[in-house]
Amino acid sequence: MKTAVVVLNWNTKDYLRWFLPGLIASCKRLGASADGSPEAEVIVADSGSDDGSRVVLASEFPEVRTILLDKNYGFTGGYLKAFEALRDRNYDYYVLINSDVEVSEDWLYLLTKWMDSHPDCGICGPKLHGLLREGGELIRTGRFEYAGAGGGLMDRFGFPYCRGRIRKKVEEDHGQYDNCDPDVLWVTGACLMIRSSLWWQLGGLDSRFFAHMEEIDLCWRAQLAGWKVQVVPEALVWHLGGGTLQAASPFKLKLNWRNNLLLLENNLAYTYIAQGMPVAKAKRKAARFIRFRVFLDNCARIVYFCTGKAEYSKAVKQAHEEWRELRTQGVRYPAPAVNASIRGITRRSIIFRY
Numbered sequence: 003m004k005t006a007v008v009v010l011n012w013n014t015k016d017y018l019r020w021f022l023p024g025l026i027a028s029c030k031r032l033g034a035s036a037d038g039s040p041e042a043e044v045i046v047a048d049s050g051s052d053d054g055s056r057v058v059l060a061s062e063f064p065e066v067r068t069i070l071l072d073k074n075y076g077f078t079g080g081y082l083k084a085f086e087a088l089r090d091r092n093y094d095y096y097v098l099i100n101s102d103v104e105v106s107e108d109w110l111y112l113l114t115k116w117m118d119s120h121p122d123c124g125i126c127g128p129k130l131h132g133l134l135r136e137g138g139e140l141i142r143t144g145r146f147e148y149a150g151a152g153g154g155l156m157d158r159f160g161f162p163y164c165r166g167r168i169r170k171k172v173e174e175d176h177g178q179y180d181n182c183d184p185d186v187l188w189v190t191g192a193c194l195m196i197r198s199s200l201w202w203q204l205g206g207l208d209s210r211f212f213a214h215m216e217e218i219d220l221c222w223r224a225q226l227a228g229w230k231v232q233v234v235p236e237a238l239v240w241h242l243g244g245g246t247l248q249a250a251s252p253f254k255l256k257l258n259w260r261n262n263l264l265l266l267e268n269n270l271a272y273t274y275i276a277q278g279m280p281v282a283k284a285k286r287k288a289a290r291f292i293r294f295r296v297f298l299d300n301c302a303r304i305v306y307f308c309t310g311k312a313e314y315s316k317a318v319k320q321a322h323e324e325w326r327e328l329r330t331q332g333v334r335y336p337a338p339a340v341n342a343s344i345r346g347i348t349r350r351s352i353i354f355r356y
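Per the numbering used here, the sequence shown starts with residue 3, numbered consecutively.
Source of the hints: derived by calculation from the structure; they are not laboratory data. Idealized CB from N, CA, C, for every residue including glycine. One should not assume that every hint holds.
As the list claims (entries may be wrong) - Just the calculated beta-carbon pair ranges, DEER-fashion:
(1) Val296 x Ala250: 20 to 30 Å
(2) Met279 x Arg19: 17 to 27 Å
(3) His176 x Phe297: 35 to 45 Å
(4) Glu327 x Ser119: 20 to 30 Å
(5) Val305 x Leu134: 39 to 49 Å
(6) Leu134 x Ala337: 15 to 25 Å
Unchecked claim - List time: in silico BS3-like cross-link candidates among lysine-lysine, alpha-carbon distance up to 25 Å:
(7) Lys15 x Lys73
(8) Lys4 x Lys83
(9) Lys230 x Lys4
(10) Lys254 x Lys319
(11) Lys319 x Lys170
(12) Lys171 x Lys83
(13) Lys170 x Lys30
(14) Lys30 x Lys15
(15) Lys254 x Lys170
(16) Lys115 x Lys230
Starting from the given sequences, assemble the full structure and let the hints guide the process.
Following this line, the structure appears as structure tokens:
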């Protein structure tokens, strides 16, 4: 079997009912391989749900393989455990896809075709449009969706953004990014395809992240290992978003501020080294940059406090405290590959662009 399409579920039984049938149908469209086995298989890894998700899976989707985890290990831990359970099945590609994603009929065919025809691409992803829920109906908006839009980039100060999305503003999609350079820094973990060999080469997601920005870290490390990360705009999916953590959640805010610093610490010095900078100088420059980012974070913390958002101010403080603890548990990643070329970091500032 060529592709494992893994949905990580935690207390979203309604999403399973809404989105799993279309996902299963799209995988069946790929047909069977020469030995008669399906080209793709849908697998649901359930993170200890207590909302009846497991009953729904057993009674309404008995044909779907399930991996039952004992608790919620977050996005990173859940996928690490799920793919470890599948390691001996020799898939060519892994797909990470959220339970709140609606897929087009040919999305998986297009991603698989791209990977098959671009052997230097290690990770790819589709274009994301937004879904709105009004009453009991889902409406396709025609606008880019926050999580990944038309492919992920990073600005000069280390803040991630997307083609078609800066901060909370998203554009109408008129095909304006369809003919752009496919190389990006990252594609969203809401729907991401990676070569299984690369997943194991990189060690998968960094478990310290728990959730948020872990896919940016994975994609950046893939580029440092000499692979390309690319967006396939012909492949389209629709993302509802906010199913597990609401956008205004202080916990979500804390994860973003904390993990942005982990992300920079994992990859920035290696990026300078890949650009030809001596190792010692690269480490000093990365350390200065991260100190500057902490200063910018604290400026935001003051703004939150002065505008009556004390919970958000506290979340930034907690993010820094946790980052200082987690950085001592850092993973020692290998030096960048000789052919490493980091794409998708721009010299612009998203604050000014916004």
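Hints and how they fare:
1. Val296 x Ala250: 20 to 30 Å: holds, 24 Å
2. Met279 x Arg19: 17 to 27 Å: Given about 52 Å between the Cβ atoms, the range is violated.
3. His176 x Phe297: 35 to 45 Å: With a Cβ separation near 39 Å, His176 and Phe297 satisfy 35 to 45 Å, so the hint holds.
4. Glu327 x Ser119: 20 to 30 Å: violated, 44 Å
5. Val305 x Leu134: 39 to 49 Å: violated, 30 Å
6. Leu134 x Ala337: 15 to 25 Å: violated, 46 Å
7. Lys15 x Lys73: holds, 16 Å
8. Lys4 x Lys83: The given pair, whose Cα atoms are some 20 Å apart, holds under the 25 Å limit.
9. Lys230 x Lys4: Holds, because 21 Å separates the two Cα atoms, which is no more than 25 Å.
10. Lys254 x Lys319: Given that 25 Å is the threshold and the Cα spacing comes to 13 Å, the pair holds.
11. Lys319 x Lys170: holds, 22 Å
12. Lys171 x Lys83: Not satisfied, since the Cα-Cα distance of roughly 35 Å exceeds 25 Å.
13. Lys170 x Lys30: violated, 36 Å
14. Lys30 x Lys15: holds, 22 Å
15. Lys254 x Lys170: holds, 15 Å
16. Lys115 x Lys230: Satisfied, since the Cα-Cα distance of roughly 16 Å is no more than 25 Å.
In this structure, the earlier hints numbered 2, 4, 5, 6, 12 and 13 are contradicted, and the remaining ones agree with it.
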